[in-house]
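As a plain string of letters, each chain reads:
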Amino acid sequence: MNPLAMTLLLLAAWGYFGWQMLRRYRLMTVGPGENRLDQIGVRLRRTWEYAFVQKRMPRYYWAGIAHKVIFAGFMVLLLRTLILFGRGYSEHFDFWGVLSIDSVLGGAYSFVKDVFAVLVVLGVAVFFYYRLIKKLTRMTLSGEGLLILGIITTMMLSDILHDAANQVLSGHGATWAEPVGSLVAFALAGLGDGVLNGLSHLGFWTHVSLVLLFLNLLPSSKHFHVITAIPNVFTQSLFPRGRLPNVIDIEGKIEREETLGLKSIEQLSWKGVLDLYTCTECGRCTDNCPAANTGKLLSPKQLTLDLRDYLYKNEKTLVGAKSAGANGDSAPDSFSLAELVPHIIKPEVLWACTTCGACETECPVFITYVDKIVDMRRNLVMEKSEFPAELQNAFRGLESSGNPWSFPSSDRAAWTEGLDVPRMAEKPDAQVLFWVGCSASFDDRARKIARATASLLKTAGVDFAILAEEEQCTGDPARRAGNEFLFQMLAQANAETLNRYQPKTIVTTCPHCFNTLLNEYPDFGAKFKVVHHSQFLSDLVREGRLKPVNRIDAKVAFHDSCYLGRYNEVYEPPRDTLRKIPGLTVLEPRETRDRGMCCGAGGAQMFKEEEHARPGATGERVNEKRTDQLLATKPDMVASSCPFCQRMLIDGLAGRSREDVQQYDIAELLWKSVETQSA
Amino acid sequence: MTKDIFVFVEQRGGGVLQAGLQAISAAAQLAAKTGGKVVAGMIGHDLATAAQRIDGTGASAAYVCDAEPLKNYNALKYARVLSGMIQKADPQIVLLAASFMGRDLAPRVAMRLEAGLATDCTEVDLEGGALIVKRPIYNGKAFSRVHFSSGRIQMASVRPNTFPMPTGGGAAERIAFSFTSDTVDDRQTTKEIVRTGGEEKDVTEASIVVSGGRSLKSEANFKIMYDLAHSLDAAVGASRAACDAGYQPHSRQVGLTGKTVTPQLYVACGISGAIQHLAGMRGSRRIVAVNTDAEAPIFKVADIGVVGDLFTFVPLLTEEVKKMKGH
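Chains as they are written, first to last, in the numbering used here: chain A, 1 to 679; chain B, 1 to 327.
A couple of the hints might just be wrong.
Claimed, not checked - Each computed DMTMM-like pair below joins lysine to aspartate or glutamate, with the alpha-carbon atoms no more than 25 Å apart:
{"hint": "1", "chain 1": "B", "residue 1": "K259", "chain 2": "A", "residue 2": "E668"}
{"hint": "2", "chain 1": "A", "residue 1": "K672", "chain 2": "B", "residue 2": "E295"}
{"hint": "3", "chain 1": "B", "residue 1": "K259", "chain 2": "A", "residue 2": "E390"}
{"hint": "4", "chain 1": "A", "residue 1": "K448", "chain 2": "B", "residue 2": "D303"}
{"hint": "5", "chain 1": "B", "residue 1": "K259", "chain 2": "A", "residue 2": "E470"}
{"hint": "6", "chain 1": "A", "residue 1": "K448", "chain 2": "B", "residue 2": "E219"}
{"hint": "7", "chain 1": "B", "residue 1": "K141", "chain 2": "A", "residue 2": "E390"}
{"hint": "8", "chain 1": "B", "residue 1": "K141", "chain 2": "A", "residue 2": "E668"}
{"hint": "9", "chain 1": "B", "residue 1": "K134", "chain 2": "A", "residue 2": "E399"}
{"hint": "10", "chain 1": "B", "residue 1": "K141", "chain 2": "A", "residue 2": "E496"}
{"hint": "11", "chain 1": "A", "residue 1": "K672", "chain 2": "B", "residue 2": "D293"}
{"hint": "12", "chain 1": "B", "residue 1": "K201", "chain 2": "A", "residue 2": "E390"}
{"hint": "13", "chain 1": "A", "residue 1": "K384", "chain 2": "B", "residue 2": "D293"}
{"hint": "14", "chain 1": "B", "residue 1": "K300", "chain 2": "A", "residue 2": "E668"}
{"hint": "15", "chain 1": "B", "residue 1": "K325", "chain 2": "B", "residue 2": "D202"}
{"hint": "16", "chain 1": "B", "residue 1": "K300", "chain 2": "A", "residue 2": "E496"}
{"hint": "17", "chain 1": "B", "residue 1": "K259", "chain 2": "A", "residue 2": "E609"}
{"hint": "18", "chain 1": "B", "residue 1": "K217", "chain 2": "A", "residue 2": "E620"}
{"hint": "19", "chain 1": "B", "residue 1": "K141", "chain 2": "A", "residue 2": "E620"}
{"hint": "20", "chain 1": "B", "residue 1": "K300", "chain 2": "A", "residue 2": "E417"}
{"hint": "21", "chain 1": "B", "residue 1": "K217", "chain 2": "A", "residue 2": "E659"}
{"hint": "22", "chain 1": "A", "residue 1": "K625", "chain 2": "B", "residue 2": "D244"}
{"hint": "23", "chain 1": "B", "residue 1": "K259", "chain 2": "A", "residue 2": "E496"}
{"hint": "24", "chain 1": "B", "residue 1": "K141", "chain 2": "A", "residue 2": "E609"}
{"hint": "25", "chain 1": "B", "residue 1": "K33", "chain 2": "B", "residue 2": "E123"}
{"hint": "26", "chain 1": "B", "residue 1": "K191", "chain 2": "B", "residue 2": "E295"}
{"hint": "27", "chain 1": "B", "residue 1": "K259", "chain 2": "A", "residue 2": "E348"}
{"hint": "28", "chain 1": "B", "residue 1": "K259", "chain 2": "A", "residue 2": "E34"}
{"hint": "29", "chain 1": "B", "residue 1": "K217", "chain 2": "A", "residue 2": "E624"}
{"hint": "30", "chain 1": "B", "residue 1": "K201", "chain 2": "A", "residue 2": "E496"}
{"hint": "31", "chain 1": "B", "residue 1": "K217", "chain 2": "A", "residue 2": "D628"}
{"hint": "32", "chain 1": "B", "residue 1": "K300", "chain 2": "A", "residue 2": "E469"}
{"hint": "33", "chain 1": "B", "residue 1": "K300", "chain 2": "A", "residue 2": "D444"}
{"hint": "34", "chain 1": "B", "residue 1": "K141", "chain 2": "A", "residue 2": "D628"}
{"hint": "35", "chain 1": "B", "residue 1": "K322", "chain 2": "B", "residue 2": "E295"}
{"hint": "36", "chain 1": "A", "residue 1": "K448", "chain 2": "B", "residue 2": "D104"}
{"hint": "37", "chain 1": "B", "residue 1": "K259", "chain 2": "A", "residue 2": "D628"}
{"hint": "38", "chain 1": "B", "residue 1": "K259", "chain 2": "A", "residue 2": "E399"}
Rather than coming from a laboratory, the hints here were simulated on the basis of the structure.
All chains should be built: construct the whole structure from the sequences, respecting the hints.
Below, the structure is given as structure tokens:
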């Protein structure tokens, strides 16, 4: 068409794009490094599943389908764009005949391209609809979003116009290879060659310029995800989801006066920065956040955006200091940016998080939030000693008595009274270690879970024992509250005890103990087979070692624990156990399994008061909102498989004056069904 | 340095803290061994009446700093005045109560005087001419013994209710200590003290606490708890559920995420005894529980359990207490 114009356009556009990308790259390298290139095979598979097939997208069905279509369209049209760039130099460029419209291959490609151009326009229409007509609250309406959608639509239409005008000019007549182009060609038939030539050029230059404009808008907009999403999915954490990043050598860090936890933006690794680049502001995280949904100040999306905007704002300072440090002009830490908390992120935001992981389960591009929130808590707790005052009691209890309520450790096995439960100290070769956990050891209500579980294990003839006084809290609440010191102290002590006995299997009734022992203790040299009691009991029933015979005629709404479900994907075993009980029907609330809402106790919330509502919002207790969801199924009973959930749901039922609905752990119900038969 | 023992006797608004007087007993034990005298000190405003409480305790002298700017407790002013008093009295040992004020003042004063300090002590003695104390650590699971060196002032705060009230001795000689203002104090001013929970006693300070739960059903119904509290000279506490429901302010919440209390007597009415609540009151000396549910976990920690309706029981109890006290 016009090689000079095309060359100038390409040079200018790619030059500016390259400069923008270089800036973004430099900003990514300010923070510490991190290896995210291990297990390439797994990474490639996940990238295919989540970045290309976009498995998480249809969790919001129509938006997901629309996005998939647009993405597929972009993939198809990438080649078309190259063809058009070529046409800037040679009028009828078609990769030297390989993609000639008259060839089968070229015709087929042209056909597919035409169809996708229309599908992309339809996909964009869905997005326009959600923004302008339905006005979804999870999205923030912005001119930028609308501009990009407009550009995409115009790109598609101008491409079709270019084809149609060319078709009429060439006198080819309608062709199957350009179904949409041919349709438009009908409308253009009869126009003079001059006009047609003008339309062809208009379509061409509009399309080509918009592609390059689009490219240059990406790095400075939320549409940067077009470029960063694939690498972000590829470099996602491959650790178990329930494992928080370990802080190595805390004492050394203190001696060297290094910062503990996330205090300042430059501490974010390149992967942390890539997370911020990749946020598309779709709002699925906040839409599923129990804190946000009960009026708290936390919004995972806003947290990400606040960090991102602050990062961009300080690009010069950060990159400047980094290169100054590299040149030896001054130490790299010579700049002083504001501490993230409370200047950029309010502490109430961090303390509202229940670490339920709903945000991370939802995010289509695998941005993480919980690790950043806990890392900021770590800084507040360990360096500044700023945390909700109520947590002090729990910390003190954990430190001095090994449980958050400060009960004397000598009472840890008091729940076994009259049950004759063997101790590891007397029976070190026991096959199964029943890890009871603090709630089931000390809480009068939760002790019934421990008693039911122990009774079931005995009935099934399992060779098991408990640690009794030798057991301490796993440290889960301390770690999630940011008190990594205390967590590591407890983890080391427990790891030592476990390694002394080397149990074949550890069974827990608490999903928090389960998750920590399974996913976090290997970092402390304690790697064992850990199963939750719902898994262990359902196996015993399946093997016929436990026979539920007593009828429990009740409709039971089942509540998923976050640390069992979302974090460790144990969804079936507790339901399976319940279904084996004659007469019992399991009800599923609308918010169930990986969409199940948190009870409100996770992330150390059990040991503090809930945060206040944000201004203008009606605050609600997380557990009461969750109770409402369960009550909506009209159950006779509510069942759970976590002592924390149990406590929250009992309080929730009382708060809603629905004490007529009973609350049980799955082990309690199973024992009711098995009990008399053995007696 | 004299061989005297100096005791800071704490007062707020004219009310003398018992624990401050109890510290005089501890001081008397030590004075008998050092051969010195017990000297008391008091800081505040309008102290004529309050200072009389020092008479008849065995203290031979009382330093009194009485000035308007000292009306409300202010850490900076009090620490400066108290340090000055101690320098003037020149004692070997300084004792004060491990109260809220004592915990705040002790390290500030110790720093100024370059004194050794041990806090929250339950025993005091003299060994080799210097102070030696016992203090509980790890939630009372172990004790540590702290030896002081004799070369400098030896300072200790003593835990309330571990020493008896002092007796004996005549009036203490009044020594006025004048207050001079200093601009450094202006870094912090106490303008007003606003107490939440009205004029009622604070749950952490009272020796009897009566607590109500959600089953009281309304803020108005808490009146019966306040009536009982007034008859017993007790403080009113509440469960988390009752505070959440807005029946009582959060400042009265007893439990893991509220206040931890260890009164002589704890009366739990309509409180089931969830673990979060037990964590805040389990250390009470005697526990009385009133609940309609005989299975409620509170009965497991209670010394006396009443299975019944609190709306019937509590007013009856109030009547009985009034009758007994009427005698």
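Unsatisfied constraints (hint numbers, rising): 1, 5, 6, 8, 13, 16, 19, 23, 24, 26, 28, 30, 34, 35, 36, 37
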